[in-house]
Amino acid sequence: MKIETQKDLRNFFNSNYRNAVISAHRILNDKSEAEDAVQDTLIKLWENRTQLKEDTIGAYFATMVRNRCIDILRKKKPIIIEIDDGQLPTEDHSQMEHEELKAKINATIDSLPDRCREVFVLSRFEKLSHKEISESMGISTKTVENQITKALKVISSTLISILFLLFFN
Amino acid sequence: MNQDQYISLIIKQLSESLSAEEEKQLSEWVSTDIANSKLKDKLVASWDKTDHYKEDIFIDEEDAWSNISAELNSDASKATSPANTKIIPFWKRPLSIAASFLVLIACSWFLLSYSNGQTVNYSTNTKETLDITLPDGSLINLNENSQLAYVEEDGKRNVNLRGEAFFDVSHDAASPFVVKSNNTSTTVLGTQFNINGTSTSVTEVSLFEGKVSFSGADEESTILLPGNMIRYARTQNKTELIPIKDENSIAWKTKELKFKDDKLEEVVKTLETYFDKKIELKLNGNTCAFTSNFKDPEYNEVIEVFNFTYDMSIESSNNSDIINIKDCK
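Residue numbers (this note's numbering), protein chains in the order written: chain A, 1 to 169; chain B, 1001 to 1329.
Among the hints, erroneous ones may be present.
[Said to hold, decoys possible] Partner residues aside, some chain A positions facing chain B, computed with beta carbon under 10 Å: (1) Y17; (2) N48; (3) T50; (4) Q51; (5) L52; (6) E54; (7) T56; (8) A103; (9) R124; (10) S140.
Because the hints were derived from the structure by calculation, they are not lab data.
The C-beta atom is built at its ideal place from N, Cα and C for all residues, glycine as well.
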């Protein structure tokens, strides 16, 4: 598709806004910041509309959104990776329903230390390589790997009881 | 390899990819012991189960689009005002502006989503003016730092104004057009007028065409005819009916400055308001009259004309200029 008129932009908005906000929200963990970031990016896209390549606008926009979010993260505070002493929370969730489980997982990811969550999100949802994440955030690839591992361990401890039931049913 | 290293492989397999050699190592380790297999399953499942992370958020797309469309179209009106063409990203604006930054009409398709009883809001920032077309066809020009709300209710067209706006109202005898500003109310029947409610203590309504009925806080009404204006002082509850002397009072909208044998002091005052600049005039005993017409002028243009007209000098500093008149001839 081409973006020439505001109507074109509206169509593009209709197909892409929600997903872009979901992405941004995952990274920034703040809905209004996420919407602002996406709206800003859309305006920027509009300003550069004559230079866009028709068949890749969607992907290009997604990348722009992600980069803007990473910039926002960088501006917020220096990237400090919290030191973990290895203690993981344990809870019994055998009575939990499916929806509750989703909510619980969301809450667990949200409860991760900021940088850990951000690294995890960039890997899991933005599908960046360890190298790309390390370059974006100014940390080593080993740290990237450790943070993903840590996130998974925390999430898995949330799932432990349910997992057994879901997996072996 | 120890367990941590195999866990590292699992992570790598999930988030990136493994080499053929690494794949082999991992699958061997998994098949060696059921505990290893379970550990891998656990981590893989954790990864998979995060699929729907934050997918359920509620997004108000209409609201979002109106923000975007407003930003796109305020660029057009910013082009008609001095200096500022920089877009401030939403996340840098103070929250109070973001909160009042509601629906702004630009495209006609938006009009289709109106239903009776819905309030539509508009606002402008510093050095911004906004052209609004209401569903009834009325045209409004909103001056800077102003807010306007419009709602069709009880068979009336209601506007709430904070700041200044020029109205060109569609004639509809069946539905009076009422503008409320600073506790004053102006009822309109098809007309062109300007309401300046920038100062909350003094409201000025200038009528150019048609007829309006104005009432202050005491609710006694005054009929206003074209060529006249009302100056209402809230604290004294005083309504003054005076002829419009200064055509330049709506220069912010018309972008035209007209001077005919006007005293230079008055001209400078008008320029100060129009360009939002502080100008000090030193006449040095001279009495000067000025005649000239400008259409959408730049400040420097006007100063150049002054230079041609008078024997003068000008000093500029950061926030003000000083004009020194040696002779008027």
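The hints, checked one at a time:
1. At its closest, the beta carbon of A/Y17 sits 6 Å from a beta carbon of chain B; the interface hint therefore holds under the 10 Å criterion.
2. Nearest Cβ of chain B to the Cβ of A/N48: about 13 Å, over the 10 Å cut. The hint is violated.
3. Annotation: A/T50 was flagged as interfacial toward chain B, and the flag is violated, the nearest CB pair being 15 Å apart, outside 10 Å.
4. Because the beta carbon of A/Q51 sits about 17 Å from the nearest beta carbon in chain B, more than 10 Å, this interface hint is broken.
5. Interface hint at A/L52: violated, since its Cβ lies 16 Å from the closest Cβ of chain B, which is beyond the 10 Å cut-off.
6. Here the hint on A/E54 is broken, as its CB sits about 21 Å from the closest CB of chain B, past 10 Å.
7. Nearest Cβ of chain B to the Cβ of A/T56: about 21 Å, over the 10 Å cut. The hint is violated.
8. Contact between A/A103 and chain B, as hinted, is supported at the beta carbon level, the nearest pair being about 9 Å apart and thus within 10 Å.
9. Taking 10 Å as the C-beta contact cut-off toward chain B, the hint placing A/R124 at the interface holds, the least distance being around 6 Å.
10. Against a cut-off of 10 Å between C-beta atoms, the interface hint on A/S140 is violated, since the closest Cβ of chain B lies about 14 Å away.
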